[in-house]
Amino acid sequence: MGKKRLSAEKRRQSILKAAERCLARKGYYNCTTADIAAEADITEPVLYQHFRDKRDLVDSLRNSAVEDITNYVTRRVVKRKTPLEGLHEAAEAIFDYTVRHRSKMRAYYYSIPELGKGGLRRSPVERLHRLHEAVSFMLEEAQRQGAAVKEMNAPDFAWSFIALLEIVYIANALGLNVPFKQKDMYMDLIDRMLKTISVPDKVEG
Amino acid sequence: MAGKYGTRGNRRQQIIDAAIKAFGAKNYDGASVTDIANAAGITKRAIYRYFPTKRELFYAVRNEVYGAIVSNLWSEMPAAKDFNELADALMRNHLRFGLENPEMSRIVVNTISEAATKEFQENIEALLDERAEEVEGLMQTGIEEGTLDPDLNPAFVSWIIVLIFFFLIYMQACEEDWLIPRGEEAASVLMRPFLASLAPRS
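Residue numbers (our numbering), protein chains in the order written: chain A, 1 to 205; chain B, 1001 to 1202.
Don't take every hint at face value.
Stated by the list, open to error - Only pairs whose alpha carbons sit at most 20 angstroms apart, straight line, appear in this in silico DMTMM-like list of lysine to aspartate or glutamate: (1) B:K1026 to A:D53; (2) A:K10 to A:E67; (3) A:K26 to B:D1029.
To be verified - Beyond 12 angstroms from chain A on every Cβ pair, some chain B residues (computed): (4) Q1014; (5) R1045; (6) N1063; (7) N1072; (8) M1171.
Hints in this document: simulated from the structure, not taken from any laboratory. Just so we're clear, the structure is a prediction, and the values are computed from it rather than from any experiment. Idealized CB from N, CA, C, for every residue including glycine.
From just these sequences and the hints, can you work out the full model?
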């Protein structure tokens, strides 16, 4: 049984896929490069031709997951006309993507806990900061357009809103089914939060 | 000096305490059993007498940390019955404890990395379930008293609140510029818009 020779890029992708499955099943610490190599049906030395070590591999996995979900969410958000509709859409898109890619997003979240010196390593923190920037910007834009109340502190409200977005990843990482079977209830909570800052539509006399 | 005269229970606890510090500082991967032995002032062999593997020691540490976080939750509760005040107090208790014990928060973030494994499900899920039930009880009262929208599904929302507990720990592990300088007040700021959104629709 001759093993198929894959191009370098294809081989790399197949290793990443294998790592995704392995991490999702065994957790970060229990999943070794030997496990990943076995899952990808290659030897460890071949794995090391593509990735320096487990951390390098997992970093690639995380970066590609973040890139994919960011692109997906952005594509959906730009279709919406107003910033508040955009925030609703962002929440729904994150939810949908996670439901469709549960093991990928689990592998993503599992790779986060590798802590750096002070706290988490830089890339998850940067992702959170970029998300906060984007949400704050949309909230401020809604205020400028008169769709959101002036009294709202946009950066503070943004963190509160982000808590609701992030728990989707956390629930998935915890292996829970709770929010995933109740999309309506989840989106209702999102809409309720947005409603607390919306300027009510003027009733035309 | 506890040392070699320590009772069996004390010695075990002493190892767990040292392991919390070590895992909190260096993660599961980074902290060796030697580090832990040195911190506890005992030999590696003594550790293996209580915990046959590093992994089992980690599980014991995890159970200890989750237990400590949970027992702290209800530590200082206001006499009020209002759901918003109670939920706010829970979050503040939770965040204060995390800020005072950052090594424990880091261990929780560490454990999320294997939370979908069978081992975690078997040992931790019941504990989370109980927390959700406690919050659900508070919500029922809130609904009866008219501070919460009766249209809400308390079982669902209480799980969301348990997940927000995790988010706070995660955010804290990020050593978020926004969160750390505010101290426990950050919990209130984070919860306020969410709690406001649960009020009955006018």
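Cross-check of the supplied hints:
no.	hint	verdict
1	B:K1026 to A:D53	18 angstroms, holds
2	A:K10 to A:E67	18 angstroms, holds
3	A:K26 to B:D1029	15 angstroms, holds
4	Q1014	24 angstroms, holds
5	R1045	24 angstroms, holds
6	N1063	16 angstroms, holds
7	N1072	20 angstroms, holds
8	M1171	8 angstroms, violated
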